[in-house]
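Protein chains: 2
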Amino acid sequence: MIMDEKEVLEALKKYREMDLKYEDGRILGSMCTKPHPISRKISEMFFETNLGDPGLFKGTKKIEDEVIHMMGNFLNNDNPFGYIISGGTEANITAMRIIKNLSIKKERLPKVIVPETAHFSFEKAREMMDLEYIKPPLTNCYTMDVKYIKDYIEDNNKNDNKKIDGIVAIAGCTELGTIDNIKEISKIAEENKIYLHVDAAFGGFVIPFLEEKYKMDNYNYEFDFSLNAVSSITIDPHKMGLAPIPAGGIIFRDSSFKKYLDVEAPYLTDTHQATLIGTRTGIGVASAWGVMKLLGKEGYKNIVSKCMDNTHYLVKKAKEYGFEPVINPVLNIVALKDDNPSETCLKLRQIGWYVSICKCVGALRIILMPHVKKEHIDEFIGALASVKKN
Amino acid sequence: MIMDEKEVLEALKKYREMDLKYEDGRILGSMCTKPHPISRKISEMFFETNLGDPGLFKGTKKIEDEVIHMMGNFLNNDNPFGYIISGGTEANITAMRIIKNLSIKKERLPKVIVPETAHFSFEKAREMMDLEYIKPPLTNCYTMDVKYIKDYIEDNNKNDNKKIDGIVAIAGCTELGTIDNIKEISKIAEENKIYLHVDAAFGGFVIPFLEEKYKMDNYNYEFDFSLNAVSSITIDPHKMGLAPIPAGGIIFRDSSFKKYLDVEAPYLTDTHQATLIGTRTGIGVASAWGVMKLLGKEGYKNIVSKCMDNTHYLVKKAKEYGFEPVINPVLNIVALKDDNPSETCLKLRQIGWYVSICKCVGALRIILMPHVKKEHIDEFIGALASVKKN
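Protein sequences, first through last, are from chains A and B. Here the working numbering is used: the first residue of the first sequence is 13, the next is one more, and so on. Here the working numbering is used: the first residue of the second sequence is 13, the next is one more, and so on.
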């Protein structure tokens, strides 16, 4: 049945009202948040752009190059190469494409060291590319055991059939916000000439702006290109960067990695395409540029400090009610121990609170994104207490 | 350097002015176009949505389900399953994931019959998933040779090591707009129980709305779920569907295929995720819904008829100037024979005209999208004539 414009907009408004809104503070398990207000105006301006065919949208392409340089800059890389893409999943799959293509032994599966706590995008990559994952045991900090990695590589790297083709480390893991000891892992990777990819999809817009007072002694917060072996980093402006979706990011140390991704693109203004996805809007690219120029490092520092302050506030309140965090928060993610997290999560949902759960440990998972305020935390802890009492 | 809001918007405006605009009629080689005006209003409304976590955005998720049913409806499928995703590349990779996962022999590469004229997204899929492509010769209609396919399958399908795991056919190929003889291919696939995927990224919003008078005798325009073996179709609302990017589509015959795509998603409101990309905006989904409700089948029919009318107008004008089409246009795509298409393409670009080229035959490629008007065609043919004279 055909509708007129008014009917269409009214019908869609009704659907939209069924969605949760970030500003209501009930979304506590998402790594996305309300984009910065300026991004609405920017998105309107770049609504029709398509970076899948950059020769047609040369201005938007220039913005992308600048965004990559700006992000490279706060990742300690003066000569970065990369793309603003659909999100962390595409970025991580892209890094795995490189590792697969760099792997010399075609007769066996590419072998990659991947943390137990890795995001499920790595599972998609494994399934598609037939990668073999080696998952080191976790330390009591929920990070990869560095000694295990060192020993494993020493034991296997002389034998081409058993050699490790790549390592993935995480800076701000999805479940607990922990950061692998990337400084030490980088040393091992460098010594053994192994490709090292860092998934900082979440942490990339947090760690560079984190005040010293929030840093935990038992974690090493170094994760970027200042570490010699780091070849690529996933870092998403549409998470803590306050850009709208789609704005994921993949940054390489330099453009020498492009050749491992290029596919011939005969119909386009460019002859080759390195991104996994073809057609892609410039909305996220231009918004990321705008938000970064507007906020600057100081602006992000303020946002991160507020989120960290709320994180510690949540932990304090939770403890008052007898709930214990799994670890002291490393970033703005809190995991609260729970004997039946799936059930608690479901019960909370029934009364309108949306947290998520950890897989590696029995816990509820709460992300203190910029849309979460202290009053939401107060209400939430009350709701959690009532759910656990019944 | 930090900027204020005004400075940011002014700087971005300057970049945006370096882009081409669809309404200027100079973009003649793109399968994207100016989205329908209503999609700006809709995108504003759904700006913050994330279908990567559908439990948080239940209204937007309902819209997606409805869009899939609406699209299924004009593809002759009352019980469709699918997603609105980033574009044709993700859709085609998704279909290849299914074929890979359905392939029973894990000791050898999955074998897929793929047209010579297939979009380069299939090359990305091949590279990632180590697929083996069998490319049948092309007929003089630039479609796959059906007899070759039949013979190849008969010769090999008894032997598990040589068995074909999937067939890809195209309805509206990127280069020439041709349509494979999917009716006959479907019969072969059905007899031999082979998965058949149809790439109708472009043709999906053209062929169902094409008036009989535009159909060529030497092509079979049947391509959808009315053919028994068709299991999945790529169909992009952000091409001829007039939705904004990102709005690609993958539609399956039914939900039984979901299990071959599902990956465990412990942190989300859903326990599993079937799409390749995780986080995804609802902008394209809601816009596709809105544009489809507003235009209806009649509206799309009018748009397609105008584009086809312009297509034949271009061919007529081209012939007047001595340029010959490779084939009579099957859809709104024209390929003009050229002895050095790369050079001509470059020369045209230097004077502001953006066509692209064919790979399978020496020709310039022009797509008559809705933003291309008759006056643009007149100007373009004049420009082409002047370029070829010099």
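The hints are simulated quantities; they were obtained by calculation from the structure and are not laboratory data. Note that the Cβ used here is the ideal one computed from N, Cα and C, for glycine as well. Treat each hint with caution, since some may be false.
[Claimed, not checked] Calculated Cβ distances over 10 Å to all of chain B for the following chain A residues:
1) Lys74
2) His81
3) Lys225
4) Ala395
[Unchecked claim] To spell it out: a stretch of chain A is covered by chain B in this simulated footprint if at least three of its residues, at any positions, have a beta carbon under 8 Å from a beta carbon of chain B; those stretches are:
5) 61-68
6) 125-136
7) 149-163
8) 193-204
9) 228-241
10) 255-267
Index of numbered hints that the structure contradicts, given in increasing order: Violated hints (numbers, rising): 1, 7, 8 and 9; every other hint is consistent with the structure.
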